[in-house]
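Residue numbers (the UniProt record's numbering), protein chains in the order written: chain A, 1 to 456; chain B, 1 to 456.
Calculated directly from the structure, the hints in this document are not laboratory data. Only a predicted model underlies this, so the values are computations on that prediction, with no experimental measurement involved. Mixed in with the good hints, there may be bad ones.
Identical chains share a label here; the pair holds if one copy fits it or two copies do between them.
[Said to hold, decoys possible] Capping the alpha-carbon separation at 27 Å, the derived lysine-lysine pairs in BS3-like fashion look like this:
1) K216 to K156
2) K331 to K316
3) K156 to K331
The residues making up each chain are set out below.
2 protein chains.
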Amino acid sequence: MALSDTFLSELRADLGEANLRTDPAERLTYGYDNSRRQAMPDAVAFLDTHEQAVRLVQRCRAHRVPLIARGRGTNTTGATVPVAGGVVASFERMNRILRIDPDNRLAVVEPGVLNGDLQTALAPHGFFWPPDPTSSPFCSIGGNLACNAAGPRTVKYGSPRENTLGLRAVAGTGEAFRCGVQTSKGATGYDLTRLLIGSEGTLALITEATLKLTPKPSALRTLRATYADVASAARAVARIMAQPVTPCALEFMDGTALKLARDHAGDSVPAAGALLMIEVDGEPDALPGAVEAVSRAARGDGLLDLHAAADAEEAKTLWAARKALSPAQRKLSPHKINEDVVVPVSRLPALVAAVEALAREHELPIVSFGHAGNGNLHVNLLPRDDAELKRAEPCLRKLFETVIALDGTLSGEHGIGLAKRDFMPMALGAQTLELMRGIQRSFDPDGIMNPGKLLP
Amino acid sequence: MALSDTFLSELRADLGEANLRTDPAERLTYGYDNSRRQAMPDAVAFLDTHEQAVRLVQRCRAHRVPLIARGRGTNTTGATVPVAGGVVASFERMNRILRIDPDNRLAVVEPGVLNGDLQTALAPHGFFWPPDPTSSPFCSIGGNLACNAAGPRTVKYGSPRENTLGLRAVAGTGEAFRCGVQTSKGATGYDLTRLLIGSEGTLALITEATLKLTPKPSALRTLRATYADVASAARAVARIMAQPVTPCALEFMDGTALKLARDHAGDSVPAAGALLMIEVDGEPDALPGAVEAVSRAARGDGLLDLHAAADAEEAKTLWAARKALSPAQRKLSPHKINEDVVVPVSRLPALVAAVEALAREHELPIVSFGHAGNGNLHVNLLPRDDAELKRAEPCLRKLFETVIALDGTLSGEHGIGLAKRDFMPMALGAQTLELMRGIQRSFDPDGIMNPGKLLP
Chain A
1 MALSDTFLSE LRADLGEANL RTDPAERLTY GYDNSRRQAM PDAVAFLDTH EQAVRLVQRC
61 RAHRVPLIAR GRGTNTTGAT VPVAGGVVAS FERMNRILRI DPDNRLAVVE PGVLNGDLQT
121 ALAPHGFFWP PDPTSSPFCS IGGNLACNAA GPRTVKYGSP RENTLGLRAV AGTGEAFRCG
181 VQTSKGATGY DLTRLLIGSE GTLALITEAT LKLTPKPSAL RTLRATYADV ASAARAVARI
241 MAQPVTPCAL EFMDGTALKL ARDHAGDSVP AAGALLMIEV DGEPDALPGA VEAVSRAARG
301 DGLLDLHAAA DAEEAKTLWA ARKALSPAQR KLSPHKINED VVVPVSRLPA LVAAVEALAR
361 EHELPIVSFG HAGNGNLHVN LLPRDDAELK RAEPCLRKLF ETVIALDGTL SGEHGIGLAK
421 RDFMPMALGA QTLELMRGIQ RSFDPDGIMN PGKLLP
Chain B
1 MALSDTFLSE LRADLGEANL RTDPAERLTY GYDNSRRQAM PDAVAFLDTH EQAVRLVQRC
61 RAHRVPLIAR GRGTNTTGAT VPVAGGVVAS FERMNRILRI DPDNRLAVVE PGVLNGDLQT
121 ALAPHGFFWP PDPTSSPFCS IGGNLACNAA GPRTVKYGSP RENTLGLRAV AGTGEAFRCG
181 VQTSKGATGY DLTRLLIGSE GTLALITEAT LKLTPKPSAL RTLRATYADV ASAARAVARI
241 MAQPVTPCAL EFMDGTALKL ARDHAGDSVP AAGALLMIEV DGEPDALPGA VEAVSRAARG
301 DGLLDLHAAA DAEEAKTLWA ARKALSPAQR KLSPHKINED VVVPVSRLPA LVAAVEALAR
361 EHELPIVSFG HAGNGNLHVN LLPRDDAELK RAEPCLRKLF ETVIALDGTL SGEHGIGLAK
421 RDFMPMALGA QTLELMRGIQ RSFDPDGIMN PGKLLP
């Protein structure tokens, strides 16, 4: 769409000349994200303040221009790709940590703060913010909130929805508002905070967040368990999660993933049918008992080797396989289809078996790994050529059908965006979707907020 | 309002003759709750099934009849009082625990299941559901969800919003829907689950809930600390919450509360300016370290006595003061005004000082006690006669003003209902309230769902 001169000069006046970019080279950079999808925005607005965000939404609404919130574009679903054109609002400059308040276990941040920078700032206070996507050094808190992005620690500490107290935001109506609380509990009206978290910019721009902090446990132990096959490992996951000591990471890699990692990183990566990385944290007194409890549950048919790292250095070595996986996958396939389906933990063995059958049936390399303690598997399809790419599509649909049949859902932590929008009716009933659309209409009556995402 | 014969005979056909009551004696019983407010419903419908709930909402919508969901009426805000008449839908017969699934750490229940009955059923599996209102033996899960009701354990384990995975419900439109997941994480669309939790029956009838279970720690230690004055105790609370070991209960009683309890239960209740009850739980190895960490934080200026119970029997004795408090208050004042304001933990000393000043200024007995670890105080005004009752009203408004000025909010766990509805604009901006109204209209376009509650 062509933006009118009036609109653009209003934006320039509101934001300052330097904060609005319309040159194609700059726009191009803000047209794609980690989904490798792409579309050209008509302008990029760099926001410095909440007040600018308010005016931007009001201008976009008045001119019916699509408005796409963007953190650092690390999402994998195309949630920030401006498919309908319009203005991309980049929050990268709103990156101030406004307050760290250890006494009240909270931090107030602007949305552009990087997850990793926040963790660094919190560490001297003895706290952390639990959500920890793999992209944490370069993804923004605003993006984490928009997608309800999680990570390995979620198994013990929860996702953004469990770790956010309140928000400041601008609805698609152009009205600024605050929601939530600055306290660790509250029962004062509807929970708009959680409603905005995971809404992928389709309801409002988040301009400030009050995050709930968790005290950093003083000690951590890392264990690595290898199994003869994926079924044995999946059963071990279910056993670990059925006993009282919840690990702070319980990561899974299947045999294909291990082989890939080994080819890439060498024989420090064990050869096995499947691998679990297990971490337990807590106060030092408690750790030996916790390690013992988790080890007991990890043992069982099919266990090849269970090893606890002696120190942080060895723990790093044990994580080598997991860390080698991403570059290894990229090497194998430039068309990686990165899924993050989730099933109840006890259905993991069934999911893992189904994925293996799908790989055989569709003659397609598939690796499975991820946050097994939440039943959240990154099932990555790795087509190497056009024929495999073509077979990937029906395979993906079958994967989703399997997941739904196992009482799971489409996304554990990546969100829906463009990539899974059309699969939403498989996961949610027509009435549920209609209620979501009703909420969307009431926050954004003119449909300007990140159109084309999330809802089919 | 008079219900038409057509409407009543439709309801009889849908529900069965025995499940619809219109006799005044029965209606009277379903017209009040623990707020001691009262209004006469025009009919009481006892629901047995989800399908009946769907038909009931559809009938009420077609005839524009108010519909009030009711668990066991233990709430203190008038949230279930049928101020506009209409039909009270009682869920007391939908009290089946449909599934306990320890492997996936979840339970599926009908809304009429009593909180205490669920805990009893979960215990043999080694799990519990964290929300634990004082009324847990006789309050329903549906009511807990409707009000986001919490309790002492929330300080460590969270409220219903952190402990519910998914819901089945009927919106005010008459459409049945499911929302949420059966997994421990999910990023598939808007979070309708948390939106319904705490919505006090104004959006939908909840007909089934999938609850997230927590493993029951094997060991528990109880400590009692007494202080010379409330300020010292409040500072100790802030110190306890600023260190890494989070207690599973951190309860506070001020000197007035202690005196009341002592008059009622005798000198096993200590005489002091303030008291903290502290519980820590975990695996046995971890407890001595946890008790030590919490004790260290509890010590400081003004500490009179710190005592750890040797066993469960002694722990019970230590809790005697807290347990004696409710009957003692009832004895003093038949007009108890029961508030549950919440402030950030570090502002507790200021809140407690302000409450003492309000009691002096308005010449009114006020006791403060409650869930100090969350900054959630039950500030109970205890007017003994009409003059004091009259002074209670401006005192209450000043209390809320103080709480808001301290970055707190109106309710930590009781909700809003009728009692605090008109104070909502003090806590929430006009835009926030308007967004809530927009959501209400989209779930309940004809305004039949618990009219007059929550939103001013």
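Going down the list of hints, with the structure as the test:
no., hint, verdict
1, K216 to K156, "both (13 Å within a copy, 14 Å between copies)"
2, K331 to K316, "within (23 Å within a copy, 63 Å between copies)"
3, K156 to K331, "neither (33 Å within a copy, 45 Å between copies)"
Against the hints set out earlier in the document, a violation occurs for number 3 only.
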